[in-house]
Amino acid sequence: MTACTAYRRALLSDPRELPEELLAHGRECADCTAFAERAARFEARLEGAMRLNWTHDRAAAAGALPEAAAGSEADVIPLRRDAAGVGVHAAARVPAPAGRSRWFAVAATFALAAATLGLLWIAVPRTSIAGDVVTHMADEPAAWAVTDAAVSAAQLDAVLRDTHMRLEEGAGVVSYASSCEFRGHRVPHLVVQDASGPVTVMVLVHESVRTPVEFDEQHYRGVILPVPAHGSIAVLTRNQLVDQAAIERIAKRVENAIAWTG
Amino acid sequence: MRDPLVLNQKHARFQALCQSLRPDLLRFALWLSRDRAVAEDVVQESLLRAWKARDTLEDEKAAKPWLLTIIRREYARTFERKRLTTVNLDDLVASEEPGLAASDAQELAELRLAIFKLPVEYREPLILQVLMGCSTAEIAEQLNLSTGAVLTRLFRARRQLRVLCGEDTSLDPEE
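Taken in order, these protein sequences are the chains called A and B. Per this note's numbering, the first sequence starts with residue 1, numbered consecutively. Per this note's numbering, the second sequence starts with residue 1, numbered consecutively.
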């Protein structure tokens, strides 16, 4: 098997775990580099296609959150829909305990309340900005389409207006622009088409970081860059063949293309 | 005797874990079953089984493969209990993602149709790898295959998809 065949076969089998010697071949062979770029674009589309948007699941999931005692069986059991489409607990069949004395019930209530408060303190997730960005991305598969079509200037302006910024041409083709809810604020969510595939940019004027924060979570690799006086920007890709240095270069290019108007 | 507070914390963590994995578990079950209602039932029953057996999960890091195993078994049981109806793939694909722009929807729909058309022995490892982020070794363990067999199936799955989607396959390696 030639090196080219081995490299391409590995790309079509396990593109996320390529051995170093094959990666080295990919960097040296022009044909294989071109093949890898096409394969990476296909891989991005493949993952986007698999991430079905299970929208009506969100309401069910929200409804299945704790509503009684923490840790009860009803908490974790997902909802079934009844004939009217209303979520009901499939296992809402546990009989109420009988024969307990009143004082025990009161004591148990206080103990449970104290335990619940303790649990809330311990169990409330203290998520990172990067984690929240990745979670947001997973819910927007449409944003990862590979395309040459740019959004209209009017649509882009409308998304950027409230952030007091505009995007100069140096950023590249912006194929997606949306104003998204993120940590209680509306933020611009853009997708810039790069040679390596779609790159997502979120402008986070309400979130500050002191130094660049690199992350690699749930197949998303990216960086959060500090933007003095304007919070930060998060730039990420799903293409695992793009290294961190390349992501930072893309992030800097986008940052340089931002013109702040306020 | 186990400390009730520690037990409650463990259960709360387990619950949070299930909630965070649930969307991907639903997607996995749908790609496996090709039926949204079956997928929801399978995941619901699987989470119920997982909750009942929660104390047997010693390492939370092993939760994802553990839940995947439960879902695969539950799906197999569903398959045994009733003969599943034939799925119209075009209708199934058309029912997903109605909110996308036309060109994106077309592209995604073609790819989804191609994925649904893959034989399950190729579709399943591909879903485990691309959607669930499993390594080749993890897929091999799930499917009780050698890593070589998994890599071959993944290679064939991608090749078939590329052909079905009209990709340029002139430079693709042969078997």
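Calculated from the structure, these hints are not laboratory results. Using N, Cα and C, we set each Cβ at its ideal position, and we do this for glycine too. Some hints could be false.
Here are the simulated distance ranges between beta carbons [what the hints assert, rightly or not]:
1. 106(B) with 162(A): 25 to 33 Å
2. 161(A) with 170(B): 20 to 28 Å
3. 259(A) with 76(B): 54 to 62 Å
4. 163(B) with 3(A): 18 to 26 Å
5. 174(B) with 154(A): 46 to 54 Å
Hint by hint, here is what the structure shows:
| no. | hint | verdict |
| --- | --- | --- |
| 1 | 106(B) with 162(A): 25 to 33 Å | 32 Å, holds |
| 2 | 161(A) with 170(B): 20 to 28 Å | 47 Å, violated |
| 3 | 259(A) with 76(B): 54 to 62 Å | 58 Å, holds |
| 4 | 163(B) with 3(A): 18 to 26 Å | 24 Å, holds |
| 5 | 174(B) with 154(A): 46 to 54 Å | 49 Å, holds |
Checked against the numbered hints above, the structure breaks only hint 2 and satisfies the rest.
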